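Q: Sequence:
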Amino acid sequence: MAAAMPRPASRPSPVPFACLLALCLLVGCGQAGDEGEAAGGGQPVPGGMAVVALGGEPDVLNPLISTTTVSGTVLAELFDNATDLDEQLAWQPAIATRWEVDPDGRGITYHLQPWHWSDGTPLTARDFALTLALFKDPRVASPQRGFFADVAAAEARDDSTLHYAFTRPVADPVARTYHNVVPAHLVQSLDPAAVGSWPINDAPLSSGPFRLESWDRGRQLALVRNERYPGPPARLDRVVFRIMPEVQTAILALEAGEVDLVG
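What the sequence shown shows, in our numbering, is residues -3 to 259, in sequence order.
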């Protein structure tokens, strides 16, 4: 099995809100102002800001230990993965350009394109391999650990070649190896047993179209376009996730034009 197609957005999330948000971020449906609309002749143009109402506060922004869908909504804009699901729920390349399943079905090899973190450090197969090891490490106690029970290990054969070995043949090897990636250069020397206090929990690096600008707990998170993103740039300059636990409050804010999207 192999694939190689253009890129079309942390673990597959068939949540309509996530799809709506991705569309909003791609086409720039935020508060760009009259000048931006006029300049584009009614067509989407780069720039502007979207304000999104979140139904709660993210727990952490570390994909190893995050447990809430609220966190997942934010993480989806901060992280890219080896592959992505398209609108037809078919796997498409993202950081990986193609992949092959081992003839015996007990492994899969991904070929990665050049990529980097928002601090400029290259993102390589080593980041994926270390992340998988951390997901499986009992000291981390990741809530996703059981999801990888059939994945024996991940090996970085070189910077751009990544191999996952399975304990047995699996039905969907791409799905079984789908996960966010943490930066090896920041976490490799940290104690897995102390993952709850790692700096990336509150200040993650980004491999996706946006990076975290600020987190005002209890109020909002602000993301800005990741200028070092190797993929197609986000249309919007900025996305503000406003924390609004009360649905009625969020709807009133939407009606008043204070937010652009409510989940």
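Keep in mind the hints are simulated off the structure, nothing from the lab. Keep in mind it's a predicted model, so treat the numbers as computed, not measured. From the three backbone atoms N, C-alpha and C, an ideal C-beta is built for every residue, glycine too. Worth double-checking, as some hints may not be accurate.
[Said to hold, decoys possible] Cut-off 20 Å, straight-line C-alpha distance, at most; resulting in silico cross-link-like pairs (EDC-like, lysine to aspartate or glutamate): (1) K132 / D146; (2) K132 / E151; (3) K132 / D187.
[Unchecked claim] Simulated restraints, written as ranges between beta carbons of each label pair: (4) I247 / G101: 35 to 41 Å; (5) D187 / R215: 36 to 42 Å; (6) D187 / E223: 18 to 24 Å; (7) D187 / Q84: 41 to 47 Å; (8) A252 / P42: 23 to 29 Å.
Q: The structure should be examined with respect to each hint, and the outcome stated for every one.
A: For each hint, the structure was consulted:
no., hint, in the structure
1, K132 / D146, "holds (11 Å)"
2, K132 / E151, "holds (14 Å)"
3, K132 / D187, "holds (14 Å)"
4, I247 / G101: 35 to 41 Å, "violated (49 Å)"
5, D187 / R215: 36 to 42 Å, "violated (31 Å)"
6, D187 / E223: 18 to 24 Å, "violated (33 Å)"
7, D187 / Q84: 41 to 47 Å, "holds (43 Å)"
8, A252 / P42: 23 to 29 Å, "holds (26 Å)"
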